[in-house]
Structures are given as structure tokens and as C-alpha cells.
Amino acid sequence: MTPTRVLAERQVAGAQEVRNAIELLLAPISSQVSEGNTCIVGIQTGGVHVANRLLSRLHQRGIPRPPVGILDITLYRDDIFIGRQQPIVRQTDIPFELSGKNVILVDDVLFTGRTIRAALDALVDFGRPASIRLAVLVDRGLREYPIQADWVGMKIPTVIQETVRVELVEMGLSDDRVVVYTREA
Amino acid sequence: MRQRIVDCEILDPASGKRFWGYVEWEDGVICEVGQAGPGEAGEVSAGVELISAHGNLLAPSFVDLYADFCEPGFEYRENIASGSAAAAAGGYTHVLLRPDTDPCVDGEDTVRFVLEAGAKAGLVNVLPAGCLSRKLDGESLAEIGEMADAGVVALLEGDRYLKKGGFLRRCMEYGDNFHLPVILTNEDPTLVEGVVHEGLVSAISGLKTSPSVAEEVAVARHIALAELTRAKTHLAKISSAASVRLIKDAKARGVPVTASVAIHNLILNDTSTLGYDPMFKIWPPARSEEDRKLLLEAVIDGTIDTIVSDHSPKATEDKELEFDLAATGALSIELVFPLLNKLVLAEELDLVSAIRAVTVGPRRFLGIAGGEIAKGQPADLVVLDRNTDWELDYFELRSRGRNTPFLGQRFVGRTYLTINRGRVTFRRDG
Amino acid sequence: MATHINHLLDLEGLSKEEITSYLDLGEHFKGVSQRRIKKVPTLRHITVVLFFIENSTRTKISFEIAAKRMSADTLSFAASSSSLAKGETLLDTAKTLMAMRPDIIVIRHFAAGAPHFLARNVPAAIINAGDGGHAHPTQALLDMFTMREHLGKIEGLEVAIIGDIGHSRVARSNIHGLSTMGANIRVAGPRTFLPPHFNTLGVQVYDRIEPAIEGADVVMMLRIQKERMGKDLFPSDREYARFFGLDAQKLKLAKPGALVMHPGPLNRGVEITPDIADCNNSVILEQVENGVAIRMAVLYQLGKHLVEEA
Chain A
1 MTPTRVLAER QVAGAQEVRN AIELLLAPIS SQVSEGNTCI VGIQTGGVHV ANRLLSRLHQ
61 RGIPRPPVGI LDITLYRDDI FIGRQQPIVR QTDIPFELSG KNVILVDDVL FTGRTIRAAL
121 DALVDFGRPA SIRLAVLVDR GLREYPIQAD WVGMKIPTVI QETVRVELVE MGLSDDRVVV
181 YTREA
Chain B
1 MRQRIVDCEI LDPASGKRFW GYVEWEDGVI CEVGQAGPGE AGEVSAGVEL ISAHGNLLAP
61 SFVDLYADFC EPGFEYRENI ASGSAAAAAG GYTHVLLRPD TDPCVDGEDT VRFVLEAGAK
121 AGLVNVLPAG CLSRKLDGES LAEIGEMADA GVVALLEGDR YLKKGGFLRR CMEYGDNFHL
181 PVILTNEDPT LVEGVVHEGL VSAISGLKTS PSVAEEVAVA RHIALAELTR AKTHLAKISS
241 AASVRLIKDA KARGVPVTAS VAIHNLILND TSTLGYDPMF KIWPPARSEE DRKLLLEAVI
301 DGTIDTIVSD HSPKATEDKE LEFDLAATGA LSIELVFPLL NKLVLAEELD LVSAIRAVTV
361 GPRRFLGIAG GEIAKGQPAD LVVLDRNTDW ELDYFELRSR GRNTPFLGQR FVGRTYLTIN
421 RGRVTFRRDG
Chain C
1 MATHINHLLD LEGLSKEEIT SYLDLGEHFK GVSQRRIKKV PTLRHITVVL FFIENSTRTK
61 ISFEIAAKRM SADTLSFAAS SSSLAKGETL LDTAKTLMAM RPDIIVIRHF AAGAPHFLAR
121 NVPAAIINAG DGGHAHPTQA LLDMFTMREH LGKIEGLEVA IIGDIGHSRV ARSNIHGLST
181 MGANIRVAGP RTFLPPHFNT LGVQVYDRIE PAIEGADVVM MLRIQKERMG KDLFPSDREY
241 ARFFGLDAQK LKLAKPGALV MHPGPLNRGV EITPDIADCN NSVILEQVEN GVAIRMAVLY
301 QLGKHLVEEA
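Chains as they are written, first to last, in the working numbering: chain A, 1 to 185; chain B, 1 to 430; chain C, 1 to 310.
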């Protein structure tokens with residue numbers, strides 16, 4: 001894909017706002033995990049980093065680590081054949097029995113809902129979960145499928161031409177922030 | 001009726017002379033050759049018809065020693081009429097035809113058929129060859145004496161190798177009895193699996209091979225038999241450096257052999273088979289680049305006397321197949337000059353050697369007059385345009401076949417006019 | 001029609017990066033095959049035709065499983081029961097197949113260059129499953145995948161390939177692929193099986209098995225086609241087994257832990273003794289499993305961009 005120029009970039013959340021959003025998610029997640037029979041599955045790649053942040057916060061609170069999985073949804077996408085970009089298949093690893101468990105699915109940004117739709121299809125191929133709850137750090141609106149998150153860290157209104165990027169130190173960056181930018185068409 | 005061709009650069013390949021001038025003939029025999037500047041006609045007597053060569057090159061007409069006109073038996077590929085039209089367009093006035101038709105030319109009735117068909121088409125002198133063996137069985141002599149009387153000019157078994165060396169010896173002796181030379185192709189079939197040169201390229205492509213040694217062994221056998229029988233022998237379609245070495249040595253010893261190379265073996269090497277395109281499936285195989293360069297040197301130094309077309313038209317449905325199953329051979333007689341010109345422009349062959357190999361060499365072998373632009377010689381001439389840039393398209397070809405690897409390619413140079421005993425048998429339009 | 005068609009005809013034209021991406025994808029698809037539901041929906045929009053003019057059970061089944069695990073539809077076509085037996089040409093048969101709009105054609109044929117012929121004449125993505133003595137790219141990819149899985153890398157490996165090299169498409173494709181990936185290759189076989197030009201392909205050529213196996217990381221035995229035995233290439237099973245077959249004694253010359261590989265099917269007791277075919281070093285059965293994963297990767301790579309323009 002030919003790289004396009006970034007026209008405008010603005011930071012919509014700094015380190016403190018990101019940490020607040022994480023804490024917002026942490027409350028319901030901790031109680032779910034404490035009830036037991038719960039696992040956390042992060043969606044590649046952004047959701048994996050958010051999941052790692054949540055796990056380290058859970059650890060700091062002394063909550064025993066639940067089973068953790070990572071899920072790549074490339075093979076389940078509905079736009080695999082529109083060759084806009086070379087989709088890279090990344091690792092999927094669900095090293096435990098999914099059937100009967102309560103799954104907390106984690107992603108960084110909820111947008112059209114297509115990624116989550118693909119993730120649901122992938123998860124049920126692994127087993128029959130007792131329940132699936134969705135936790136997202138950022139909800140940017142503009143849904144195309146009837147999909148909503150159970151727990152949202154922060155809401156950011158956007159328009160279709162914009163792209164939202166979540167940056168976390170887990171990605172090797174200097175600090176947490178959320179950035180919105182527009183590319184030329 | 002006297003005619004004079006003017007505004008031409010005359011090339012006489014036998015002497016190597018090149019000059020601007022004119023050639024006048026009457027009743028098919030040259031009566032005057034003179035010098036004149038480009039565009040000038042010299043002093044013209046009354047009643048002489050002028051033909052303009054438009055500043056192009058004038059040479060003796062071409063003679064082919066190896067072409068397949070497929071008739072009788074395979075008229076769906078080519079017939080004597082269409083083959084003649086293609087040959088005239090290629091600048092040829094005389095073509096020796098492969099006799100391995102169906103029925104094959106092994107007796108006077110088939111010889112007469114071929115001569116009549118050629119005369120009816122009226123464009124080239126069709127020179128029939130006769131088979132060595134009856135019905136091509138490789139074991140019993142054909143009626144060579146009768147064929148000689150009927151007008152056969154040489155003996156040839158087609159692209160076949162006579163397995164019985166003893167029989168070949170008898171053929172050569174018997175043919176020599178009637179002063180008929182023998183034309184032999186050279187490949188021991190027990191040494192080959194396919195038609196692709198055995199080398200690095202075939203190691204990669206996995207195609208079935210024909211190693212040079214299969215030709216070398218055959219050439220050695222034929223040279224030895226020629227030496228023994230003293231029969232006039234022509235080793236046709238040489239493709240490897242190893243064979244050239246044997247021929248050079250034999251000639252130095254005075255063995256009565258001559259040799260030819262097919263035009264495609266001067267142009268292509270074995271890398272042409274890498275795309276598995278059956279249009280490049282030819283025999284003898286295009287060999288390595290080293291072989292190709294040595295073949296060109298052999299034409300220049302005369303070890304190889306003649307360049308032949310090996311015109312082999314094939315039906316399209318026989319070529320549109322997987323390489324292994326596709327028919328072998330390419331049509332060529334209309335393309336010989338453009339291909340030769342390509343070599344001359346690339347400075348791989350000089351013009352005089354190229355023209356000599358299709359004019360003087362073959363005539364000398366057959367013992368026919370011509371090949372020289374001089375008073376008293378037959379007016380068998382060709383005008384060659386060496387400059388026009390053109391593209392070979394499907395409809396261009398006069399042959400019934402379309403099997404050439406050069407479809408869609410651009411060439412520089414083509415024939416302009418062919419004159420057979422003073423009569424124009426081909427004129428390029430446009 | 002498809003927006004852009006790619007083919008896999010042979011390994012000669014592939015770069016190191018392209019081969020590596022097939023191997024990396026193979027890992028993901030091996031993972032899919034180990035799940036409870038051994039399927040992903042990725043190629044559900046694709047129809048794959050298995051066009052096997054030359055017979056083969058193992059390769060055909062391998063491609064069929066691979067296609068089904070990608071949720072593609074498959075159509076199978078065998079030469080003997082087909083119109084080809086009645087004299088229809090390859091081209092006409094392929095054009096008839098095209099009327100059913102397949103997206104991918106997997107072809108195995110006894111004539112070298114047949115897949116290239118199809119690729120020129122038929123608007124589908126073509127995968128070469130073996131063309132005469134020329135190439136068998138998916139076999140070489142699965143062989144390299146197996147090596148990488150066990151030995152961690154391909155670059156710098158000493159790989160010995162033993163058998164009828166001259167007629168082997170498995171040998172050719174492995175030689176091309178392994179060279180591109182930086183391995184060092186030795187080939188060995190009786191002189192009658194070694195065409196004279198292979199040393200120019202960058203491999204060391206031996207006419208005895210021992211120097212080829214010495215110090216090897218991988219020993220790959222090729223199948224001896226028994227129909228060639230007793231004719232003009234090799235006198236007998238017994239003589240071949242003694243001088244060129246792999247047994248425990250000869251294997252000792254290789255590095256400890258060297259992999260024993262074979263594309264199958266085995267001639268037990270001819271090119272390989274039964275105890276070695278089943279020993280700890282042997283990865284022959286894994287090659288079969290990896291074959292499905294690699295073929296899923298190839299189908300994915302070629303199939304993912306094929307789409308009908310609306």
C-alpha cells in the first residue's frame with residue numbers, strides 16, 4: 001500500500017487520561033476475575049497490549065492471574081479479499097480449554113464492530129464459552145454492526161476519515177497516549 | 001522481352017564484389033551487367049522494360065536444400081502451392097523438398113506428382129528428393145535409378161537415422177551410381193530421450209534431452225562412410241561444435257562431405273526452452289551459446305557451406321499442447337532473410353557470408369547454374385530491403401502454418417522482389 | 001475476473017523473503033490443524049480444482065485436506081476417468097473446467113511445463129503439484145519447513161539428497177529452494193542417476209553415498225522408481241540398497257541428531273531400511289503433516305486476493 005501523508009494529528013488523551021481509563025475497566029474486570037472460571041483473551045495486536053496492562057494492574061492488586069490467550073482474527077476477517085493491504089497473520093495462542101469459561105475479550109479501539117464479529121467467530125471455533133464480555137480502552141463510535149462493549153475506558157467521537165491509535169508503554173513507547181490523525185485520501 | 005533492373009546495389013557473393021549498377025536479361029538469361037549510380041539506369045536501349053529496385057540490394061536468388069511442403073499426405077499443414085508462395089516471398093527460386101511425405105517419394109510416379117504440382121504453382125523450381133529406402137522401411141533400396149531419370153536431385157530419408165549402417169553404405173554406393181548425392185540428418189536415436197539440448201538449462205527445466213554426442217556419433221559414422229564409398233554426402237542441419245570439428249577435419253582430408261546449418265540454430269540457444277513454449281520446440285535442438293557462436297564461425301570460414309530453412313509447418317492444434325506432446329519444428333522459409341539480417345546487424349555474421357550460404361553454397365552442392373551475377377548466368381535474382389522496420393503478424397505469413405517463435409516480433413529487413421528466370425514471382429506490396 | 005493472479009509454478013523465481021513468508025504462514029496453519037475445529041473460514045469464497053493427470057494419492061489428499069481446512073470448495077479431476085483419456089487436449093479440458101469458474105487449479109502432470117502452459121492459457125491461479133521431472137514446489141517448501149522446525153534455521157545447513165537426482169522434481173525444487181535459503185547441498189547417486197550439469201547449480205555431486213552423508217544435518221532419501229530397476233539405469237534392488245540405501249551404519253556418518261527425510265512413498269528395504277524409516281531421527285510422518293500446513297499457506301497466499309469484481 002502506498003503510504004499516504006498524515007495531514008493532521010492531535011492528542012486526545014495523555015498518560016493520566018489513559019491510566020484513568022484503565023482503572024475504569026479494572027473495576028468490573030477484577031470482580032469478574034475474582035469470581036473464578038474467567039479468562040482474558042486479547043485481540044492482536046492492540047488488544048494484547050491492553051490485556052497485558054490490565055494483567056499487570058490485576059497482579060498489583062494481588063488478584064491471581066487468570067488464564068490468558070491471544071487471538072489473531074486475520075483468517076476470519078470479512079474483507080480478506082479486498083487487497084487494500086497485505087494482512088499479516090500473527091500468532092493465536094489459546095492454551096486452555098475455552099468451553100464453559102467466561103471470556104473477557106479485550107481490544108484497544110472499538111470502531112465498526114467488524115473485528116469483534118470476526119473475533120466471536122474465531123472464539124467459538126475453539127469451544128463453547130459460558131459467556132463473552134467485551135472490554136475496550138477506546139470507543140470511537142461509527143458502528144457498522146450491532147456490536148457494543150460491556151466495558152469502555154473512554155469515549156472519543158470521531159469521523160470516518162480519522163484513525164485512532166492507542167500508544168502504550170507496553171509497545172516500547174515512552175508514555176501512554178491516544179492520538180487521532182487524518183491521512184490524505 | 002528484355003528487362004533491366006536498375007537503382008540497385010549489386011552484391012555478387014561468389015566474388016564478394018559490391019557495386020551500384022544494373023542487370024539486364026533476356027529470355028531468363030543475364031545479358032548485361034553494368035555500373036550506374038544510385039537512381040540511374042545507365043544507357044537503356046529501346047524496348048527494354050525497366051524494373052526499379054528502389055535503392056535496395058540485389059543478390060542471386062536463394063536456394064534451399066531442406067524444406068517440408070507436406071504434400072502428399074499432410075496438406076493440412078502446407079501444400080506445394082502454399083509452400084511455393086512462401087518460398088518465393090522468402091526470396092527463393094529453387095527448393096529441395098523432403099520426400100518423407102505420405103505416400104513418400106520412393107518411385108517415379110510420386111516424383112512426377114511433385115514436379116507437376118510445383119510446375120502448376122509456378123513460383124519456384126521444386127526440386128524433388130527421393131527416399132533412400134522403399135516406403136521408408138530403412139532396409140530395402142528404393143527405385144533410385146528410376147527416380148534419377150524422373151528428375152530427383154538428391155537422396156534423403158527426412159529427419160530419420162538409418163539404423164542399419166550396412167544398408168546406408170549400400171544406399172550411398174547405389175546413389176553414387178546414378179550421380180545422386182545423399183543428404184543425411186544426424187542423430188543416433190538410442191542416445192536421446194527428447195529434443196532439448198542436454199546441458200545446464202535442461203538440468204533446471206527437467207525437459208527430456210538430446211545430448212550433442214548423439215549428433216557427433218552420427219556425423220562420425222557418416223563421414224567414415226563417405227570416405228569409404230566416395231559418395232557425395234551432405235551432412236544436414238548441424239547443431240553442435242563437436243560436429244563442426246569433425247567436419248573440418250574430414251574436409252581437410254579430402255572426404256567428399258558438405259554441411260549445412262538450419263537458420264534457427266544460428267539464432268536460438270537452449271535458454272529458449274526455459275519458458276516451456278512449444279513454439280521453441282525445434283529439431284535439431286538449439287544448443288548452448290558456445291555451440292551457436294561456433295556454428296556462425298563455421299559459416300564464415302566455410303566449414304558449413306549452406307544455411308537451410310528446415311521449413312516445418314505444423315497445425316496449430318499440434319503446437320498448442322504441453323511441451324512434451326507438441327509437434328516439433330517451426331516454419332521458416334519466409335523468414336530466412338530477416339533472420340540473417342538480424343545476425344548481420346548484430347555483427348555476428350557478415351553480409352557476404354550470409355548471402356553466400358543461401359546462394360552459392362547450395363547451388364554448388366546441387367551442381368546447378370547461377371549464384372553469380374554475370375553475363376550468361378540465369379536471371380535468378382532477389383532484391384533485399386535491408387532497412388524497413390516491420391512486425392511479423394499472424395496474417396503476414398504465406399505458409400499455411402503459423403508455428404514460428406517469432407510471431408509478434410519486430411524485424412529490420414525483408415525481401416522486396418524475387419525474380420525466377422527473369423520472371424517476377426514475388427513483389428512486396430506497400 | 002480476479003484482480004491479480006499469482007501462481008506457484010516452481011521455486012526458481014522465489015526470493016528468500018517469499019520462501020520465508022510461506023514457512024512463517026505454515027506455522028500458523030499448523031496451529032489451525034491442531035485445534036479442535038481444524039478449519040478457518042478464510043477461503044470460503046474460493047473453489048479449488050485438483051487436476052491430477054498423473055496419479056497420486058498422497059499429494060492429492062494433502063491438497064484436498066488443506067483446501068477444506070481453509071473452507072474452500074474442492075473439485076477433483078482424475079485423468080483416467082476423464083475426457084483426456086478420450087483424446088481431449090489439456091487445453092480444452094482446462095477451458096471446460098474454467099466454465100465452472102475455479103479460482104485455483106492444482107495440477108500434477110507427467111509433462112514438464114504443463115503448469116506453465118495452463119498459467120499462460122487459463123485465467124486461474126495455478127499451483128504446480130509436480131510436473132514431470134521439473135518441479136514440486138510444495139514438497140520442497142514442506143521439506144524446508146520441517147528442517148526449520150527441528151533445526152531452527154536453514155542457512156548453513158548441510159543437506160544431503162540421495163537417489164535418482166536426474167529424474168527427480170523433488171530434488172530439483174529442493175536444490176533451488178535450499179540454495180536460495182543459504183543451505184549447502186550435496187547430492188549422491190549412481191552415475192546413471194546423475195546428469196552431468198548439476199555441479200553448476202551450486203551443489204556438490206558424489207557418486208557414493210558416504211561422502212555425501214558425512215557431517216550432514218539432513219539426509220533426504222528419494223524414492224527409487226522400481227520400474228527403472230533391472231533396465232539400463234540400475235541392476236537390482238539388492239545392489240542399490242547395499243551401495244546407496246540408508247541404513248543404521250551409514251547414518252552414523254551424519255551429525256548426531258541429523259534428520260532423516262523422505263518424500264514418500266517408501267520402498268522399505270531399498271532406499272531406506274525399515275528400522276531407520278521408523279527411528280527417532282526420522283521425521284517422515286511429520287513431513288506429511290507439514291505438507292497440509294504448507295499447502296494451506298500456499299492456498300492462502302494465492303487465494304486471498306482472488307475476488308469477483310461486483
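To be clear, the hints were calculated from the coordinates, so they are not data collected in a lab.
Do not take every clue at face value.
Capping the alpha-carbon separation at 30 Å, the derived lysine-lysine pairs in DSBU-like fashion look like this [claimed, not checked]:
(1) B/LYS164 to B/LYS17
(2) B/LYS208 to C/LYS226
(3) C/LYS226 to C/LYS153
(4) B/LYS208 to C/LYS60
(5) B/LYS163 to B/LYS135
(6) B/LYS17 to B/LYS208
(7) C/LYS95 to C/LYS38
(8) B/LYS135 to B/LYS17
(9) C/LYS16 to B/LYS319
(10) C/LYS153 to B/LYS208
(11) B/LYS135 to B/LYS319
(12) B/LYS342 to B/LYS248
Outcome of the hint check:
1. B/LYS164 to B/LYS17: 46 Å, violated
2. B/LYS208 to C/LYS226: Roughly 20 Å between the alpha carbons, so the hint for B/LYS208 and C/LYS226 holds.
3. C/LYS226 to C/LYS153: 34 Å, violated
4. B/LYS208 to C/LYS60: Within the cut-off at roughly 25 Å; holds.
5. B/LYS163 to B/LYS135: OK: B/LYS163 and B/LYS135 at ~15 Å, within 30 Å.
6. B/LYS17 to B/LYS208: Not OK: B/LYS17 and B/LYS208 at ~47 Å, beyond 30 Å, violated.
7. C/LYS95 to C/LYS38: Violated, because 33 Å separates the two Cα atoms, which is more than 30 Å.
8. B/LYS135 to B/LYS17: It is violated: about 46 Å lies between the C-alpha atoms, which goes past 30 Å.
9. C/LYS16 to B/LYS319: 36 Å, violated
10. C/LYS153 to B/LYS208: 35 Å, violated
11. B/LYS135 to B/LYS319: At roughly 27 Å apart (the allowed maximum being 30 Å), B/LYS319 and B/LYS135 satisfy the hint.
12. B/LYS342 to B/LYS248: 26 Å, holds
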